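Visitor: What follows is the residue order along each chain.
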Amino acid sequence: MTHSSRALSVAALARVEGEGAMFVRTRDGVVEEVRLDIYEPPRFFEAFLRGRRYTEPPDITARICGICPVAYQMSACQAIERALGVEIPEPIQLLRRLLYCGEWIESHALHIYLLHAPDFLGYESAIEMAKDHGPIVERGLQLKKSGNEILELIGGRAIHPINVKIGGFFRAPTRAELRPLAERLAWARDAALETVRWVAGFEFPDFEQDYEFVAMRHPEEYAIARGRIVSNRGLDIDVAEFEEHVVETQVPHSTALHARLVERGTYMAGPLARYALNGEQLSPLAREAAAEAGLEAVCRNPFRSIVVRAVETLYACDEALRLIEGYDEPDRPSVDAPPRASVGHGCTEAPRGILYHRYAIDEEGLIAEARITPPTSQNQAQIEDDLRRFVEPRLDLPDDELTRRCEQAIRNYDPCISCATHFLDLKVVRA
Amino acid sequence: MTDILVIGVGNPLRGDDGAGLEVARLVRAANVPGVEVWEHGGEPAALIDRLEGAGSVYLVDAVRGGRPGSIQRFDATEEELGQLPPSATSHHVGLGEAIELGRALGRLPERLVVFGITGRDFTLGAGLTRAVARSARSVASRIVAEVGRGDTQKPRPARRPT
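Chains as they are written, first to last, in my numbering: chain P, 1 to 431; chain A, 1 to 162.
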């Protein structure tokens, strides 16, 4: 063989949200091509929103992804409320933050326990892992359920089919209604602490990258549902400036758009970015657990994102308990939000990174234009870059092992393919 | 503890992925005494919780692969779901995986029957395609007939021709 060239391909990416394909081609020990393939026209649901009432995007976009409905609701609400010039009173903002904590808990617990941990422990799936580690998987499911219960009580069926609306909520829970949640969350906080200790003991590949981290920042809190967009390299912008700084380009192999910072390139959104930029705003308990888990102030090893996700889960439990403790029922569950012709921008921290929405509304209150940039399409170019750098020094590994490691590297980002688009398939190829 | 539980899984905004939900609605409309109906997005933790301790459960979901509208039936208490085609959309952890996870954790109900209806169009905003809507009615009728007859107490053959 004159050329040692090979192609690794995985046609169906397991354990990512949705479906995807990875493709890596190498020749003579050099990675020639890395790509994540995406097939569905990514702008379909933006078209779906056009012509609908300005009150509808929170409900509709919440159904785009089964795993982060709250992120969609919150980014949509923020964008439309900004368009309408509506100020949301603090008690309602705090209730939204509590709801969002529920989503972080359930989404992170799912990813840590059912999707990512099997990679580290050498199992094909969570099912195989559960056969050997039943009580641990049970703990993960119960932790996830604790987050879901927040969603159910504040966001969903327990009160109103979909309780979130432009301007606030249809009904705010009473203090008494939140009490059982607090009991459950006290258990969840302990379980989350155990989770941090558990994942901290995993073995992590030696792999670091000098990322540009991008996340929300708020002066008074570990940013989730409000703030400016900042980076570790000086980006500091209002949400409305997002499209001036982030360009989305079509790449030949994919119908999804790749996001890049203007004149700077790829960037990373998500837990590592939030932790690097805002880690000092975590609660004392979460900071302590992070230190105990061996995390420094900035973590540049994406494989350790599972540890940061566990720390954020602990924080979300802690923060939810604090919010319930200090909860005062708002005088009114929502403020009036009459339509007007305008444009508004929203950005919040979905579990896997910043989720940007923009809506143009006409004078009758109909959506004239919608733009949604989900976190996975922002991370996609960075994932490919990680793969390129990760694969090259490991080409001596056999195909199946290298492929498995590549899949693990993709899962570092907890990619939500169903948000980025609908379909994706994974392949690795050494030709 | 629920005696008979019918669970329809799906996303109502994803075309044929709503097939399971449609079956759930049809079974509910039939109003059979002692039968509880649940429409669900497929979230695994809640699903496994709901399965545990139930007597007899019918689970219906849209699947991909095969002729649109074709119906597959599995007795998940008898056999693992290895041969069930992939769930139609991104239920984060697929329905088959959630069931097998429940099995690994010893949390499956006494009897679990799974119906998969092959969808054709999972486009955002689309309704059920005609063949899938017809199959949803057919599955609903079969479930209603079975639970109405009290068949659910007897173990079924591992897999019935459909």
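It is possible that some hints are incorrect.
Covered stretches of chain A, going by a simulated chain P footprint (3 or more residues, C-beta under 8 Å) [stated by the list, open to error]:
hint : stretch
1    : 20–29
2    : 42–51
3    : 96–102
The set of hints was computed from the structure by calculation and includes no laboratory data.
Keep in mind it's a predicted model, so treat the numbers as computed, not measured.
Note that beta-carbon positions come from the ideal geometry of N, C-alpha and C, so glycine has one too.
Visitor: Could you run down the list of hints and mark each one as holding or not?
Guide: Hint check:
1. 20–29: violated (count 0)
2. 42–51: Result for this restraint: holds, n = 7.
3. 96–102: Our answer is that it holds, as 3 residues pass the Cβ test (under 8 Å) against chain P, meeting three.
Of the numbered hints given earlier, the model fails hint 1 alone.
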